[in-house]
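Protein chains: 4
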Amino acid sequence: MKVIGVLTAGGDSPGLNAAIRAVGKSAIRQHGMRVIGFKDGFRGLAQNRTVELDEAALSGILTIGGTILGTSRDKPNKMAIGDQVWDATPVIMENCKLLHLDALVCLGGGGTQKNALHLQQAGLNVVTLPKTIDNDVAETDVTFGFDTALGIATEAIDRLHSTAHSHHRIIVVEVMGHNAGWLALGAGLAGGADVILLPEIPYSADDVAEAVSQRRRGGAAFSIVVVSEGAYSRYHLERYNELKAAKKETEDPDKLAEIEAGLQQALRLRRSRTNRLAEQLEIATHLEARVTVLGHVQRGGIPSPADRLLATRLGAAVADMVADDQYGVMVATQSGQVVPVPLDEVAGRRKTVPLDHPWINTCRNLGISLGID
Amino acid sequence: MKVIGVLTAGGDSPGLNAAIRAVGKSAIRQHGMRVIGFKDGFRGLAQNRTVELDEAALSGILTIGGTILGTSRDKPNKMAIGDQVWDATPVIMENCKLLHLDALVCLGGGGTQKNALHLQQAGLNVVTLPKTIDNDVAETDVTFGFDTALGIATEAIDRLHSTAHSHHRIIVVEVMGHNAGWLALGAGLAGGADVILLPEIPYSADDVAEAVSQRRRGGAAFSIVVVSEGAYSRYHLERYNELKAAKKETEDPDKLAEIEAGLQQALRLRRSRTNRLAEQLEIATHLEARVTVLGHVQRGGIPSPADRLLATRLGAAVADMVADDQYGVMVATQSGQVVPVPLDEVAGRRKTVPLDHPWINTCRNLGISLGID
Amino acid sequence: MKVIGVLTAGGDSPGLNAAIRAVGKSAIRQHGMRVIGFKDGFRGLAQNRTVELDEAALSGILTIGGTILGTSRDKPNKMAIGDQVWDATPVIMENCKLLHLDALVCLGGGGTQKNALHLQQAGLNVVTLPKTIDNDVAETDVTFGFDTALGIATEAIDRLHSTAHSHHRIIVVEVMGHNAGWLALGAGLAGGADVILLPEIPYSADDVAEAVSQRRRGGAAFSIVVVSEGAYSRYHLERYNELKAAKKETEDPDKLAEIEAGLQQALRLRRSRTNRLAEQLEIATHLEARVTVLGHVQRGGIPSPADRLLATRLGAAVADMVADDQYGVMVATQSGQVVPVPLDEVAGRRKTVPLDHPWINTCRNLGISLGID
Amino acid sequence: MKVIGVLTAGGDSPGLNAAIRAVGKSAIRQHGMRVIGFKDGFRGLAQNRTVELDEAALSGILTIGGTILGTSRDKPNKMAIGDQVWDATPVIMENCKLLHLDALVCLGGGGTQKNALHLQQAGLNVVTLPKTIDNDVAETDVTFGFDTALGIATEAIDRLHSTAHSHHRIIVVEVMGHNAGWLALGAGLAGGADVILLPEIPYSADDVAEAVSQRRRGGAAFSIVVVSEGAYSRYHLERYNELKAAKKETEDPDKLAEIEAGLQQALRLRRSRTNRLAEQLEIATHLEARVTVLGHVQRGGIPSPADRLLATRLGAAVADMVADDQYGVMVATQSGQVVPVPLDEVAGRRKTVPLDHPWINTCRNLGISLGID
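Protein chains in written order, with the working numbering: chain A, 1 to 373; chain B, 1 to 373; chain C, 1 to 373; chain D, 1 to 373.
None of these hints come from the bench; they were simulated from the model. The beta carbon of each residue, even a glycine, is placed where N, CA and C say it ideally should be. Mixed in with the good hints, there may be bad ones.
[Claimed, not checked] Here are a few chain D residues that face chain C, going by a calculated C-beta distance under 10 Å: (1) D147; (2) A261; (3) N361.
[Claimed, not checked] Output of the computed footprint for chain A on chain B, the stretches with three or more beta carbons under 8 Å from beta carbons of chain A: (4) 170-181; (5) 303-315.
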């Protein structure tokens, strides 16, 4: 009888429990394996904090948000204990040996794929699943969690339409996505946004204002502007690049200090981008603007049917991989098919929105501004 | 300036208005076309009942269920007017000529593809979009409407779990799908059903009862059985085939009448299948069973973000097709890409669930009964 | 330290777990009591099947539908065991004594109040809470479960509007409520129904048809008819009363048999009332009609915030009652205040919709038909 | 035939369209009146921007969020036009005369009641309805909009539980309510919050930290803290009062400047209270804390059934008031009954949460911290 361990790492994501359930039920019922859960991601793996994932533990969890196992952002090779950072790899290897673990299943996002590859290279048999509401894991069509977050963000935009329309206001709504604009683009299109700003396309505040003003001239005295957390302006980008270039040119400590202060300020400004954009729009368009930051509600709650289906299907496939001794892979979907992808092709890469993506083209066709003319 | 007509035909489906909006906004803004809507499907086309689809008419409809154009199940070549059935094709051709229509966009399911092909062959320039909550249109990955219906059916199953669990009951829930089991299979998997019965896999009531009893022996004194509208039992199938065969063997009018009565009864029984199955399960398992027929709620209401995205993307692509004079095609998605499919490859065909579909395999892996052992 | 027992009886209802949690947490934290749950209503009380309701058991249940304790429709004094019906009262008294129970808290609807009164009269200290989605418990403004069911039924009516409107159909939707029309009236008003039929107001199919036809003449070629499970026609009522009267007049066995058959048929017809009404409307109005029976979905799922608030507030009040040794009462709300009502004022009574209720007047003001002119 | 005008003023609120529909349909169908809508609140009244509210305009708006009439925060007697503030009362009187208006119906919150009283005193026949998501209008049990906002805020808290639980975090969630804590208290109780901070009860950050730490010692390594927008700390209150007192004591310009700076800082700190509280909790409890500000999503979207019922019932009652020439009143609910309340008893007053409110007591019974020990 094979023994498999399961952990969830990184930010929590709807569908994690559906995936744990599918891995577990499939491993137990189809393959006769034993399934052990580790608490709080790689930290629990290092600390040997386990829970038996039997039929009873796997029952009734399909619709629960978050992860019953708990999660953390710890890395196996750089784990903070008290004030110290510590390589927990040998302890982890030892724990897995003591538990007679045949395989370790890691559910997580981009960072987790890296950590899983590290443990695979250290000698463990690892299989992973891609989850994140940001949808930015490489080599897979889509990650579970994304569809639920899309639903929450779209519903919020639907609601903000009421206020925007009734008060003739600009509503600037910030959605999650530090590095990839999938959520902003998807929710913006589905929610009928008028402007969508992505990390992939530096925007011009003037062009955003012009798009809003043009709507007003056409008779629509309100606009919805959807902004990715990680979006930034073209001006900001140029200023940042200039400072970076200037930094290389000089060794004068006074100038360096000045440049460094400029870079710090640029970072601060980036953080308050959404509020500043709202102010810029008020000045340029003479309409009231309001900001809403959706925040952590986007990660939580009952997973959508599509996320449950994806997580369940992938979870069952993971158990098959382990049964076939196929390790060192992330179980992905490509063109709708389940495929194993070698971890080293995934780790350290990120899937951003390509500029010729159909959703981008659809925006252009419908006249939705992407913040540049 | 090109002029295009738009109509919606067949059963209403969430996402139709999102598609109308995308066709219209894209045609107007991107291609400078004029867009005319026909009321109530092919009937309105025959009766020349039109509405101008300008910016104002297209605004605020993205989230509305049903279709602002109205729909009907009429066929161009067999249209009932009063007591008569009538070939409206020539009148339709004339109407389109008078309106200087360059192209006709038909949004509908399997039947609509056939009707659209008929008009294309009669000389119109036709482009179609696949919509149906049943997801059974050929040559496309998925139809808009399906994800919303999946959400409604799954939520209903989630709710029925409360009662099933609290009362230790079997809940038999019938979901839409006369010919294809996509909705039952998807909602069953996503909703954590214990048994899923599809039109594609004739079931045995004994095997269903055994699956429920086995759960009970394992300590779970409740079960959720999801049944497709069009599912039927193996016994029923055999009886039906026998009668059909017998019909061919005889010319004796008495025997024929008897056989015909048997076939009629078989059809009647099929219609009340869900109730009979519940009774059979009560007798076999000594548990209480209750039936819920979800019905028309599955077609209605606000479209899901995924359906809005799909409908919007396909709608924008339709306008591109017309701009490129590409006619006689349905705009489909295949492996995630938008592709035009010749109407004669789609019309008259239906996409049922293949027996080796990943969702079927996932059911087997998780120990979900498909009604046969 | 006082010991209290808690059970849930009758049909499951959203908010039961919120109430159990509030009774338990308040009893433990505020009053230092011990709390024991009985499984499956009065049956578990008779069989001494218990579960400790400590902090851990009460955690995380606020949002779960149904009841974690299970429920049944068994009565203490008429409990079916195998083929026999049996008075379990002495066994129940003995069990409570062995458990050193100071008080028993019964959560249930009208029937449960009766059963609780019976146990109070047999010598137990009983406090009850009113729950039911039907809102028909006497002497309380509202029962928890009603607001959630109202939300589900209203959302269903919202969805059916899509189809009714797109297809120009009459949709007849049957909602729960055998004896009281609260749910039909509330959901009908909130959902914008055109006709609402209640058990309290026998309807005339002709008047319903006239209301639909009048809408059509005014340009609205669709209607939503909301029907309470327990609604019946004036014709049916008269026919039933005639037969009942005729039964008293005769002793002729042939006539009696004929009358009895008539009564049976009347009952059967009542059961299929919704389908017949739809047929009558099709014939009278020449519009298509479709029937949807909402069924058990109305009882299930996550309780609404209002139901959670009500259940939590009442649950906390129950613990106060027990602390004050106030027994033999149902904890009700009257004009928004929590008040204890003696069980003998509640048991055996039912709160139906009074004909001068504000919602009835609102229907009249808005021109919503109640099925009589 | 009487002619009535309708306007919506102040912040938009779910249920406004349901109320407009009920006023209009009832006025037209029941009383044969003519109904005129004014755009954008009192501003449209001054500018004579009207829309005919006939059957067609009132159809299909029941479920739409916001207000079809538009709204603004303008006051009749202090209206900003360009750079000037202007008393529009005489113009309004003239407009109403020209339109032969018999009565004006104003739908709004606390400010609107004041403005309506002003117009009543100036000679118009005014009836008002109380709407606001904050539930802080005096002399009425509840305002429409509140139940919908309660639902949105509670659902958000449900979702935040996923993240709090999975990551062992403190989640501090800020909900609307500048002056009254109804929404925070209701959503906190319904959402299972551990700490609830209201404007009515100045909190101590130490006591909040102690409540969270106590939960942790009991084994729950996460907490949900719900904070009203208008909540502030006891420390802050004392500091503010001291400065206010000191201001009265001195005439020294330097000291006054210093005090003024202190008051300004206090206001700034109050605005960033939620973020500071999260930091204080991180330091005191050694747990991670995250802040979510729900913002404008709380005002938007489809009204809940309870809000639709309330708005519809009150709207119909308004038409009755006008028919009976009963003016100068707000149509309120008290103990569940509809009653007219003289506007001068409502205007300028606000309904805050009384410290002996049942929800407050329920918090105490369940051990939910109110931020003071």
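So, going through the hints one by one against the coordinates:
1. D147: holds (6 Å)
2. A261: violated (43 Å)
3. N361: With Cβ-Cβ at 7 Å, under 10 Å, it holds.
4. 170-181: With 0 residues in contact (Cβ-Cβ under 8 Å with chain A), the coverage given for the segment 170-181 of chain B is violated.
5. 303-315: Held - the segment 303-315 of chain B has 7 residues with a Cβ nearer than 8 Å to chain A, which meets the minimum of three.
Going through the hint list in order, the structure does not satisfy hints 2 and 4.
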